[in-house]
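Chemist: So the chains spell out like this:
There are 2 protein chains.
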Amino acid sequence: MAFLPHLQEVVNNVDGALACSVMGFDGIAVETHQVSGDDDLELQTAWVEYANLLQQLKNAADMLKTGAVSEVSINSERVITLMRLITPEYFLVLAMKPEGNYGKGRYVLRLAAPRVKAEL
Amino acid sequence: MAFLPHLQEVVNNVDGALACSVMGFDGIAVETHQVSGDDDLELQTAWVEYANLLQQLKNAADMLKTGAVSEVSINSERVITLMRLITPEYFLVLAMKPEGNYGKGRYVLRLAAPRVKAEL
Chain A
115 MAFLPHLQEV VNNVDGALAC SVMGFDGIAV ETHQVSGDDD LELQTAWVEY
165 ANLLQQLKNA ADMLKTGAVS EVSINSERVI TLMRLITPEY FLVLAMKPEG
215 NYGKGRYVLR LAAPRVKAEL
Chain B
115 MAFLPHLQEV VNNVDGALAC SVMGFDGIAV ETHQVSGDDD LELQTAWVEY
165 ANLLQQLKNA ADMLKTGAVS EVSINSERVI TLMRLITPEY FLVLAMKPEG
215 NYGKGRYVLR LAAPRVKAEL
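Residue numbers (my numbering), protein chains in the order written: chain A, 115 to 234; chain B, 115 to 234.
Just so you know, the hints here were simulated from the structure itself, not pulled from any lab data.
Be careful, since some hints might not be right.
Pairs involving identical chains hold if they fit within one copy or between any two copies, as the list cannot separate such chains.
In silico EDC-like cross-links for lysine to aspartate or glutamate, where the CA-CA straight-line distance does not exceed 20 angstroms [what the hints assert, rightly or not]:
#1 Lys211 with Asp176
#2 Lys231 with Glu185
#3 Lys231 with Glu123
#4 Lys231 with Glu191
#5 Lys172 with Glu191
#6 Lys211 with Glu163
#7 Lys211 with Glu185
#8 Lys211 with Asp140
#9 Lys179 with Glu213
#10 Lys218 with Glu185
#11 Lys231 with Asp140
#12 Lys172 with Glu156
#13 Lys179 with Glu156
Please work from the sequences and hints to get the whole structure.
Modeler: Below is the structure:
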């Protein structure tokens, strides 16, 4: 149940990272590590919306022949959001500045997913 | 209205590219260039689903403080899908093999978007 060290490691290893969270598909964050001073983006509101979309994607995956969804990213003007599925109930989400290191973010999140899964 | 050369250029410049399409948010493709022999993935079915999700994201963007969505990617077991908004009505979608060059795909799609927009 020690999620926080993993979330901190993700944020510390990615240039431009704003916050990292373990979330349920119900849109409720289990644990969050957020860089201080960036609360004005109201990331949680966006994440609840994104959790809903991920849930729909999961439901659609059976119908589609593209296989199970493992990773989704949504890039907007003010924030890049990377999401990686951990289990059928939970996913990791990383918010970054638009100028942040996108490739490193994907890489670090891929490494963190099995570690967080082991804590669930 | 000459979309095809732009779509062909995207597919030819990205290792592992399967297909590239200009799509409306109603899920109807305006024009598609698909590499032959990969029809079994039924990409169109997935794209209709994704168009629906993009539409929801656009609608949510006003409520969210993260700004307008410019790019979305959905990575599943058998296919990576990159989408880039062109106008409020149309977007570009690129399907790639999971082992394809993701970074190059994003780059080429970013270059193609204003060119395709100029043809609309």
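Chemist: What are the numbers of the hints the structure violates, in ascending order?
Modeler: Failing hint: just 8.
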